[in-house]
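Once you've looked at the hints, go ahead and assemble the two chains, each given alone in its own frame, into the complex.
Here the protein sequences come in this chain order: A and B. The numbering of the first sequence is this note's numbering, which starts it at 1 and goes up by one. The numbering of the second sequence is this note's numbering, which starts it at 1 and goes up by one.
Derived by calculation from the structure, the hints in this document are not laboratory data. Keep in mind it's a predicted model, so treat the numbers as computed, not measured. Quick reminder that beta carbons are idealized off the backbone N, C-alpha and C, glycines included. Among these hints, one or two may not hold up.
Label-pair restraints from in silico Cβ distances [what the hints assert, rightly or not]:
hint: 1; chain 1: A; residue 1: 610; chain 2: B; residue 2: 16; range: 38 to 48 Å
hint: 2; chain 1: A; residue 1: 610; chain 2: B; residue 2: 6; range: 50 to 60 Å
hint: 3; chain 1: A; residue 1: 610; chain 2: B; residue 2: 78; range: 34 to 44 Å
hint: 4; chain 1: B; residue 1: 87; chain 2: A; residue 2: 611; range: 30 to 40 Å
hint: 5; chain 1: B; residue 1: 57; chain 2: A; residue 2: 611; range: 46 to 56 Å
hint: 6; chain 1: A; residue 1: 618; chain 2: B; residue 2: 36; range: 25 to 35 Å
hint: 7; chain 1: B; residue 1: 59; chain 2: A; residue 2: 618; range: 38 to 48 Å
As a list, the in silico SDA-like pairs of lysine to any residue whose alpha-carbon atoms are at most 25 Å apart [as the list claims (entries may be wrong)]:
hint: 8; chain 1: A; residue 1: 196; chain 2: A; residue 2: 576
hint: 9; chain 1: B; residue 1: 99; chain 2: A; residue 2: 613
hint: 10; chain 1: B; residue 1: 99; chain 2: A; residue 2: 632
Listed below are the residues making up each chain.
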Amino acid sequence: MMFSLADVPVVDPTSADGVFSLAWVVIALPLAGAAILLIGGAIAPKPFASFGHLLGCLLPIGSFVISLAMFISLLGRADDDRSLSQHLYTWIDTGTSGNGLHVGMDLLYDPLSALFLLLITGVGSLIHIYSIGYMEHDARRVRFFGYLNLFVAAMLTLVLAENYLVLFLGWEGVGLASYLLIGFWQHKHSAAAAAKKAFVINRVGDMGLSTAIMLAFVTWGSTSFTVISANAGGATEKTLTAMGLLLLLGACGKSAQVPLQAWLLDAMEGPTPVSALIHAATMVTAGVYLIVRSNFIFDRAPNAQTVVVIVATVTLLWGAVIGCAKDDIKKALAGSTMSQIGYMMLGAGLGAAGYAFAIFHLLNHGFFKANLFLGAGSVMHGMDDDVDMRHYGALRKFMPITFATFSMGYLAIIGFPGFSGFWSKDKIIEVAIDQNWVAGVCAMLGAGITGFYMTRLMIMTFFGDKRWEKDVHPHESPPVMTFPLIVLAALSVLGGVMLIGGWIEDFLAPVTGFTEEADPSIPGWAVSVIVVLIVAVGVGIAVVFVGRRDIPRTAPQDVSFVTRAARHDIYGDDINDELVVRPGKALTSGLLAFDTTVVDGTFSGGALTVGGLGALARRLQNGFVRSYALSFLGGVLLVVLALLAVNLA
Amino acid sequence: MHSVTPFIVLSSILFTIGAVGVLTRRNAIVVFMCVELMLNASNLALVAFAKQHGNLDGQVAAFFVMVVAAAEVVVGLAIIMTIFRSRRSASVDDASLLKY
Chain A
1 MMFSLADVPV VDPTSADGVF SLAWVVIALP LAGAAILLIG GAIAPKPFAS FGHLLGCLLP
61 IGSFVISLAM FISLLGRADD DRSLSQHLYT WIDTGTSGNG LHVGMDLLYD PLSALFLLLI
121 TGVGSLIHIY SIGYMEHDAR RVRFFGYLNL FVAAMLTLVL AENYLVLFLG WEGVGLASYL
181 LIGFWQHKHS AAAAAKKAFV INRVGDMGLS TAIMLAFVTW GSTSFTVISA NAGGATEKTL
241 TAMGLLLLLG ACGKSAQVPL QAWLLDAMEG PTPVSALIHA ATMVTAGVYL IVRSNFIFDR
301 APNAQTVVVI VATVTLLWGA VIGCAKDDIK KALAGSTMSQ IGYMMLGAGL GAAGYAFAIF
361 HLLNHGFFKA NLFLGAGSVM HGMDDDVDMR HYGALRKFMP ITFATFSMGY LAIIGFPGFS
421 GFWSKDKIIE VAIDQNWVAG VCAMLGAGIT GFYMTRLMIM TFFGDKRWEK DVHPHESPPV
481 MTFPLIVLAA LSVLGGVMLI GGWIEDFLAP VTGFTEEADP SIPGWAVSVI VVLIVAVGVG
541 IAVVFVGRRD IPRTAPQDVS FVTRAARHDI YGDDINDELV VRPGKALTSG LLAFDTTVVD
601 GTFSGGALTV GGLGALARRL QNGFVRSYAL SFLGGVLLVV LALLAVNLA
Chain B
1 MHSVTPFIVL SSILFTIGAV GVLTRRNAIV VFMCVELMLN ASNLALVAFA KQHGNLDGQV
61 AAFFVMVVAA AEVVVGLAII MTIFRSRRSA SVDDASLLKY
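Bound-form chain B, shown alone (with noise of 0.2 Å):
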């Protein structure tokens, strides 16, 4: 039985770089990748948590995380690729028209 620890350790340091990139990034696309990478450290996670106790609920719901990532994939890069076209820019802060 292997242990788990080394699995959680990266997975927590790969959802730290993304939280910070999400927090500190501009660039649309960037934010959206560290998004993903947020999303996959936790299915990690996940994973390594199943493999600990040995049944495969964990697995499952990384399933339905990617299957959730994908299609938020596709509804945000549509997005991206709308806001893009009007303003010529992927940067996160030139879109805040929807404000006080």
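In isolation and in its complexed conformation, chain A is listed as follows (with noise of 0.2 Å):
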């Protein structure tokens, strides 16, 4: 270990103030506008449909800029009075002070949320003014802004939350948007499944955090940061592992790690937009979010934190390798996405060490990823909603901008020196070599396959011949889309600056915890230049494999066993449908075939019996006049013999 556990911080916020105290406000202008645009788009369609997409459009850019008035003072304070909390209401008030819940609707605004504020609102807006022109011909624009602006609030209040009830609302806020914007164009049944499989198995991960609460309102009496963060080296560590794989298996689901990834490949169905958002704004990065805020819980759980590395480092290879076979340019950057988000998860479960390293890279993954998607936006927006690569090819002549901005977006995610990405991913990869020599290296293959499937992505699109159809006229994109391409683009060529001098790390260590400069086993110069060498072999492979050879309309077909498993997404839905989905169905069948049989058939069995019965006592009624008044008589004789019987006796 690098630090001792005394170092762990305590989240103790100071009472917000001054600017500060607008933090609800950052919540509310795009909450607002979810509830105007939704509710008035739905009355009153016409004049909406006019003013409706820009109405979304200002409300978050109205967050971003309170956001940047907040961060600017935030840089004004003190290292140690860099957290502020906001109390709003009351939201649960039961029992008797003391060991009743009592869950405030707080605001917890520090360095880290004004990091996720900046990016939400920043990235969140550029992605919002890129859909104007994206969305533009679609009928139910001013809905899918006001999805747009209510997916915004939601994760807002999930970073902006100062006790896990909070960040649950903004969580389940974040699981219901994102189920709407996936299945946004629900008439295709593909995307009505698909928001469907990201929103059940987002309930799984749902599952493990809302457990986690209960536990830490059973072990703390609390479910607020500062009181945990305060009194979570009090609790045995039983306990905090416990938490500490709860909170995994939340962040899991968000965040679409391996077990529970399933989910975000599917979600490609949704708007392209939508795709940015998800990936680079909001949804994934939750369940890194989640981890770094609790570091409080994982510090002191070191086996949490192993599982943590460890599926972190299955993840990131396991999109490395489904982003290197897929033809679809949505779906090899969602897998691509997995991956990141993998190294995100390698660097948050590495510790103190590594937590500020895991909010740089996903922070530079906001600005690549959101350039990347939006970028493939414009390149189907270009190709006729065509999303196979194998239909693209030659681009760079017909969309320059689009080219332009994508190639940047491309350095910077393949770690190409001086690009931002190349400062996150390293880092964490120096770490990781640090602490765990496996997962080190694992990273390091990652980023290898990274510069393949990438460098793949970019020959079959913009290189090499056209392979599309004679009826198909790409062209660049409207301003209105190329713009937010420009901004991203910049972000990510220059979004290493934040490691200049160590800032990241000083201005994060309030939340994180401050780590002493160790050193390491190998250096970090060495680490980045074998890095470097691995993704140009990879590069190299992918520019030699793709690049110099035709590439086939239709994919073959008769390809090597490994090529085929990536293209089913190794087999991930095939995993689920062995392990849950059939023994689930055979557990309903079941439960119904014994439903059935035993339960009805107690009841129904019973009621036969007595229906039976009757059927043959009602045999006595014949309707003979004669049969009756022979009972009659039986029952005369009968009484008269009782009778003598008596009075002889």
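What follows is the structure in structure tokens.
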């Protein structure tokens, strides 16, 4: 361990004042936007269609301006005075003071929230602006913007929460918004199914998070970060490990980590800006945020941290391998998101030394992945919504701006020296090598694979020969779509400045803990050189095997087992089917059979018996007067005999 | 004082004939007559016992039975008439619709 447990920072906010008391407005603006656009759009579709998209863009931009103002004021405060809280109102208040559940609608604004706020509102606003162009011909554009605003509002609630329950509110809001947006084109069966799949798999993760919240309440009597971080040391390691694993389960669901990764690739059914929003600014980053925010738990539960590292390492390779085989440009990028989130989780799993770099990579990834997805959307826009890269080729001449910005994102994600991804990925690998060389080596390998699949994607899309149909006329997208691309491209290039002088580490240190500079076994520059060489090999392989050959318009079927597996998402769906869906179906049909035979059988059996006896007894009512008379006589004789017997006895 | 025994024996014989007739005959009129026979058998017994005990209780009871029997004849014959009109038959076995 590079630090002692006593160094785990405690959340100890002071009451927010000045510009910080506007924290709630940051959430309220997009939330109001969602309400206005969804209700207004339903009541008066005509007027809203003319200005709804502008309103939908202005509100997140307003949030961004406030976030920026808060961030600048935060920089002006002392290092140890950068944690602020705002009590809005009492949300839940039960039991007598002390042993009941008391939850306030409390917000926490500290360096970690500050960075997330800027990412969500900044990148989110750019995606909103882009959507004006991308969704221009969609009849339900107002509703789309309403959902986007809801998504942003939920994510802002998540990162501004001061306790796990408010966080959970945002967490579920994100789940709802993603469901609505993935299934936005619900007339397509595949989109509706993908939305349901994302929702259901996320429920599995949510179960972990909600159980963790209950455990926190049982253990500490509170769900507040302030209370828990101050008293976490008092809990047993078993409790902390359980808490850590449950939080990880939640994080796996939202961040699409193995084994809850299957929804992410299907989520590509949503409109492309949604994919960008899910992958860059919201949703999948929530899991990483949760783990970094819960550092006071994880720092005391090394076993849980080890599991985080394992999950992260498996996922970063898993996603990278999937990315290699996909011909659908969005799915290839989705595989890469899985892989990159794996890097962030790896950083988060490495403890205090890695938290800051996980967040650093998360921010950079937010820039370049939003750039790449919006670039992919721009390509699709010009190619009549075709997503198959085998139908692209030579697009660099037809879409110069998209090509230029996409290239910046490409160089950033493969970690080309100087670009943002280089700095952040490199730092995570460095820490990983130092603390857990197996994970470190896997991360290096992942970097190589990233180089391969991203180069493959670039070559198939922008280079080589034209492979599109005659009636497709690729064209550059309108300025409203290219402007966000240019901004994001600039950020993808410049993201590394956050590392200058160790700024991001120092800035986040009050939240994530201080680490002393240790003597790494391998010097940092050596790791960088090795990683760059491995990436170069990956790029080289792609150039040789993809760039130098003709790319068939239809995917070849006589491929190796590995390729086939990767095309099928490494059989993630089949594994789920075998392990969960089929036993689940067997269980339900078994329960149904038990219900119909045993439970229903008991009751219907009783009813049948009574009914059968009744059927026999009613034969007595045969309608013949003389048989009734005989019964009379028999009865009378019996009475007489009984009387005689009594009298004579 | 005459012995009451012969009257009771006769009454029993009449009652038995009536009961067997009710159980075995199918013609509603005959069944009806057998019912009357049983009523009169019981009347005979009542009157005989009244004579033996030397009071009028039994005689009064016999009158009641006769009144009830008369009323019964009115209602019963009317029913038999109606059944006969609709079915052209006075057999009690034919009127067996009211069953399971």
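Quick rundown of the hints versus the structure:
Between residue 610 of chain A and residue 16 of chain B the beta carbons are some 41 Å apart, a value that agrees with the proposed interval 38 to 48 Å. The supplied range of 50 to 60 Å is met by residue 610 of chain A and residue 6 of chain B, whose beta-carbon atoms lie about 55 Å from each other. For the pair residue 610 of chain A and residue 78 of chain B, the beta carbons lie near 40 Å from each other, so the given range of 34 to 44 Å is met. Distance hint check: the CB atoms of residue 87 of chain B and residue 611 of chain A are about 34 Å apart, consistent with the given range 30 to 40 Å.
The beta-carbon spacing between residue 57 of chain B and residue 611 of chain A, approximately 51 Å, falls within the hinted interval of 46 to 56 Å. Taking the beta carbon of each, residue 618 of chain A and residue 36 of chain B are about 33 Å apart, inside 25 to 35 Å as hinted. For the pair residue 59 of chain B and residue 618 of chain A, the beta carbons lie near 45 Å from each other, so the given range of 38 to 48 Å is met. Simply put, residue 196 of chain A and residue 576 of chain A have alpha-carbon atoms about 15 Å apart, close enough for the 25 Å limit, and the pair holds.
Taking the CA atoms of residue 99 of chain B and residue 613 of chain A, the gap is about 17 Å. The hint holds against a cut of 25 Å. Taking the CA atoms of residue 99 of chain B and residue 632 of chain A, the gap is near 17 Å; set against the 25 Å cutoff, the hint holds.
In the structure shown, no violation is registered for any of the earlier numbered hints.
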